[in-house]
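These protein sequence lines are chains A and B, in that order.
Under numbering that gives the first Met the number 0, read the first sequence as residues 0 to 212, first letter to last.
Under numbering that gives the first Met the number 0, read the second sequence as residues 0 to 212, first letter to last.
Calculated directly from the structure, the hints in this document are not laboratory data.
You may find that some hints are simply not true.
What the hints assert, rightly or not - One-sided excerpt, in silico: chain B residues whose CB lies under 8 Å from chain A:
1. Gly32
2. Gln46
3. Ala109
4. Gly159
5. Ile183
6. Ser189
From the three backbone atoms N, C-alpha and C, an ideal C-beta is built for every residue, glycine too.
Below, each chain spelled out in residue letters.
Protein chains: 2
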Amino acid sequence: MTEVEKGPLGRRRGRGARERILSASQHLFRDQGINRTGMDQLCAEAQVSKRTAYQHFTSKDELVAEYLRRFDPHVMPEVFGRTDLTPRERLLAAFDMPASTPLCPYIAAAVELHDPQHPAAQYARDYKTAIAARLTETAREAGATDPEQLGEQLALLLDGASARTRVLNRESFPTAAAIAAVLIDNAIPSSSARQPSDDRGTTGSAPVPVGGR
Amino acid sequence: MTEVEKGPLGRRRGRGARERILSASQHLFRDQGINRTGMDQLCAEAQVSKRTAYQHFTSKDELVAEYLRRFDPHVMPEVFGRTDLTPRERLLAAFDMPASTPLCPYIAAAVELHDPQHPAAQYARDYKTAIAARLTETAREAGATDPEQLGEQLALLLDGASARTRVLNRESFPTAAAIAAVLIDNAIPSSSARQPSDDRGTTGSAPVPVGGR
């Protein structure tokens with residue numbers, strides 16, 4: 000059934016169209032929003048016909064979902080893949096966002112798409128759950144007493160920083176990083192920490208070191 | 000210049016139209032978004048002519064700004080006006096959101112309106128600054144060592160809870176409340192707290208009680 004755009008490169012030209020559409024969606028959705036970007040504009044920007052576009056994506060909804068799936072498929076590997084850092088340092092590194100990082104596209108999609116059953120809204124939910132799972136796993140490696148709780152808390156801080164940066168039009172990640180440092184200090188018994196122990200009482204149960212992966 | 004809708008009640012009918020438009024904007028913007036709600040639909044819902052609508056609001060942008068100004072003009076009086084609570088309890092009460100509270104409309108507007116100079120985006124920024132100021136003022140009354148820092152941190156948590164509730168389609172305010180409790184405990188020396196002191200060391204400088212209003 001797949002019909003490709005006519006062109007000297009045949010099938011390769013067809014694949015190029017798909018990439019061009021996704022590339023156009025990346026900057027148009029970010030710069031003007033999902034709802035204000037129509038298929039006409041996407042096609043013009045990608046230099047493909049609407050017929051071709053609908054051969055690659057059955058609907059705009061499907062394109063929006065694919066745009067999100069493409070955005071960060073490996074869930075922050077630039078943070079969680081850093082073997083040069085201790086797990087505790089990786090938790091903090093998640094808050095080192097470059098200045099002017101645009102609003103998180105998963106939050107943007109969930110805000111713009113009012114239907115929680117929209118395929119893109121479902122993917123946004125999966126992604127946000129995956130980020131919390133990555134943080135939880137790293138919190139466990141760092142020896143947190145309740146890694147699930149810390150993971151979910153840090154995930155909420157990331158979302159808060161992204162949303163608040165957008166509303167205030169001013170960086171909020173440093174604020175979130177400061178909160179994260181407090182939570183990590185509270186959740187990870189000081190004997191697990193890298194700095195010399197200050198010997199103060201911890202928040203409760205004894206440290207439970209869990210083997211790294 | 001103000002021309003009112005023709006009707007048996009004359010001027011009063013004109014004022015009614017303004018309220019009906021604002022009322023329609025409240026539920027349409029919340030349920031389907033700002034960008035997907037056109038003036039035609041707003042007018043149909045409010046049962047006013049477009050001519051009348053433009054007599055009350057020079058543009059949709061102005062209507063969106065007024066919709067936000069109307070939403071919570073006194074900045075959470077149901078929390079900050081509670082004289083039956085201690086300042087510390089008021090800080091925590093800010094996180095007692097009823098289940099199914101819709102996404103914060105100021106975040107929604109900032110996400111949907113990509114221009115930070117849009118009058119509604121400016122108002123959203125002012126509102127978010129006002130919330131942080133209210134929290135700061137309350138943190139100062141509660142004896143926080145750095146009330147500005149605590150106020151901004153708690154404001155970020157509120158934004159994170161609202162955004163994350165939307166993305167996950169599941170309540171995140173309890174997570175934010177748990178973080179808030181940790182931050183408040185860390186920022187407010189235990190001698191200021193209501194519960195019996197556990198006599199552990201505080202985070203630094205002595206309590207600086209500041210006169211409440």
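How the hints compare with the structure:
1. Gly32: Result: holds, 6 Å to nearest chain A Cβ.
2. Gln46: Violated, about 24 Å.
3. Ala109: holds, 4 Å
4. Gly159: With Cβ-Cβ at 2 Å, under 8 Å, it holds.
5. Ile183: Violated. Min distance 11 Å.
6. Ser189: Cβ of Ser189/B sits 13 Å from chain A, so the hint is violated.
Hints 2, 5, 6 from the earlier list are contradicted by this structure; the remaining hints agree with it.
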